[in-house]
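Just need the whole structure built from these sequences, with the hints factored in.
Each chain, letter by letter, is given below.
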Amino acid sequence: MTAPLPISSVAQDGFTVSTRNRGFTEITREVVEAVGSSQVQTGIANVFTTHTSCSLLLGENADPAVRGDLERWFARAVPDGDPIFRHDAEGPDDMPAHIRSVLTGVSLSVPVREGRLQLGTWQGIYLWEHRRVPHQRKVIVTVLGAAGE
Amino acid sequence: MTAPLPISSVAQDGFTVSTRNRGFTEITREVVEAVGSSQVQTGIANVFTTHTSCSLLLGENADPAVRGDLERWFARAVPDGDPIFRHDAEGPDDMPAHIRSVLTGVSLSVPVREGRLQLGTWQGIYLWEHRRVPHQRKVIVTVLGAAGE
Amino acid sequence: MTAPLPISSVAQDGFTVSTRNRGFTEITREVVEAVGSSQVQTGIANVFTTHTSCSLLLGENADPAVRGDLERWFARAVPDGDPIFRHDAEGPDDMPAHIRSVLTGVSLSVPVREGRLQLGTWQGIYLWEHRRVPHQRKVIVTVLGAAGE
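Residue numbers (this note's numbering), protein chains in the order written: chain A, 1 to 149; chain B, 150 to 298; chain C, 299 to 447.
The set of hints was computed from the structure by calculation and includes no laboratory data. Warning: the hint list may mix true and false statements.
[As the list claims (entries may be wrong)] Not close to chain A: a few residues of chain C, all C-beta gaps over 12 Å, as computed: (1) 320; (2) 322; (3) 323; (4) 363; (5) 417; (6) 419; (7) 435; (8) 436; (9) 439.
[Claimed, not checked] Lysine to aspartate or glutamate pairs mimicking EDC-like chemistry, simulated, CA-CA at most 20 Å apart: (10) B:287 / B:179; (11) A:138 / A:26; (12) B:287 / C:412; (13) C:436 / A:114; (14) B:287 / B:182; (15) C:436 / C:328; (16) B:287 / B:175; (17) A:138 / A:33; (18) A:138 / B:263.
[Stated by the list, open to error] Just a sample of chain B residues kept apart from chain C, beta carbon distances all over 10 Å, derived: (19) 169; (20) 212; (21) 214; (22) 217; (23) 235.
These numbers come from a predicted model, not from an experiment. A virtual CB, placed ideally from N, CA and C, is assigned to each residue, including glycine.
Here's what the structure looks like:
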């Protein structure tokens with residue numbers, strides 16, 4: 001246990017991810033930079049995306065086959081064009097995108113220590129686009145904690 | 150990036166949602182009000198429900214058909230009365246309610262900026278009741294951050 | 299609503315869970331102790347695990363049958379050895395472990411009030427191992443909030 005520290009800092013940053021199709025864009029570097037700029041040494045970084053048809057993933061970053069397998073599993077579990085869906089005005093991938101977003105989440109909180117995001121060795125942060133058309137996705141990073149040691 | 154701000158405030162509020170059956174109750178207004186009362190300008194609002202058979206959803210708020218489709222997908226993926234379930238003392242919807250709660254989550258963290266919850270245009274916050282009988286569901290909102298500009 | 303309080307404390311703690319096989323290890327006591335040591339009275343406790351093949355669960359703590367049913371449902375929804383998976387270097391449970399981790403999450407935020415974790419009566423915190431071989435799983439608890447009343 002660290003000795004309790006006075007909290008002294010909150011910082012917030014935002015950026016946009018341009019997506020082209022269903023799939024993953026790694027944003028670990030952008031989040032690491034926001035944490036570095038925040039001057040927070042010990043605390044929490046929250047990553048949030050303001051949409052309901054993409055999500056944020058803390059996923060395996062070594063073997064790209066993992067992300068291909070994730071796509072295949074979700075494509076089977078939540079099929080595009082499933083006849084049970086009535087909300088299809090934007091196309092057969094619209095409602096599946098909402099369900100994938102609900103199942104995988106749009107908000108992640110990660111601990112910060114010694115000014116660095118405490119990700120595990122194999123953890124990367126990804127924006128996961130669930131629509132089949134390009135989108136601009138807004139991501140907000142909020143860092144809260146103690147600025148000094 | 151905002152300039153790092155001194156953190157100066159934490160506030161906590163709670164309310165109860167009376168549910169009647171499986172389905173969604175929008176609680177965006179209650180959370181917005183808790184953030185407004187908190188005096189936090191920049192920070193994070195955490196929304197939490199203290200139960201294991203309902204959940205919190207950040208979902209599409211425009212077309213009610215989305216919520217109907219969510220119900221239909223989950224009803225098929227986690228069927229009531231599935232014979233693989235042994236925990237059925239409270240009825241055929243009891244264990245499915247626990248699984249839906251695990252898949253969709255009971256804790257949401259959303260950024261706050263300029264004193265306002267940074268939800269996207271189409272994001273609403275819902276309490277999702279997964280049981281088929283009425284319940285009183287407790288929700289706690291905790292807001293942490295910098296009180297001043 | 300509590301009157302807004304000055305934030306004054308952040309504390310961080312970590313521990314390791316030794317797992318033996320797929321299944322649940324309750325860690326509620328360890329998290330409660332980290333909150334107690336933090337001196338935070340009002341705020342948030344974040345629990346995080348630095349891995350991509352286990353997860354954290356806020357689950358029903360009374361009837362062990364619930365956890366057995368969770369296992370059975372996930373074993374059917376994400377079958378070991380599914381031929382759609384290409385990432386299988388570590389065995390037939392490797393890719394299912396990643397998908398279960400994505401579906402159930404590695405980060406939990408829980409409110410703290412009067413120095414205590416605000417879990418519901420039936421909520422327990424569990425580390426859920428998704429691999430079929432023993433692992434050392436690192437858990438980090440970060441507590442942010444107001445130290446005084």
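Unsatisfied constraints (hint numbers, rising) = The structure conflicts with hints 7, 8, 9, 23, although it agrees with all the remaining ones.
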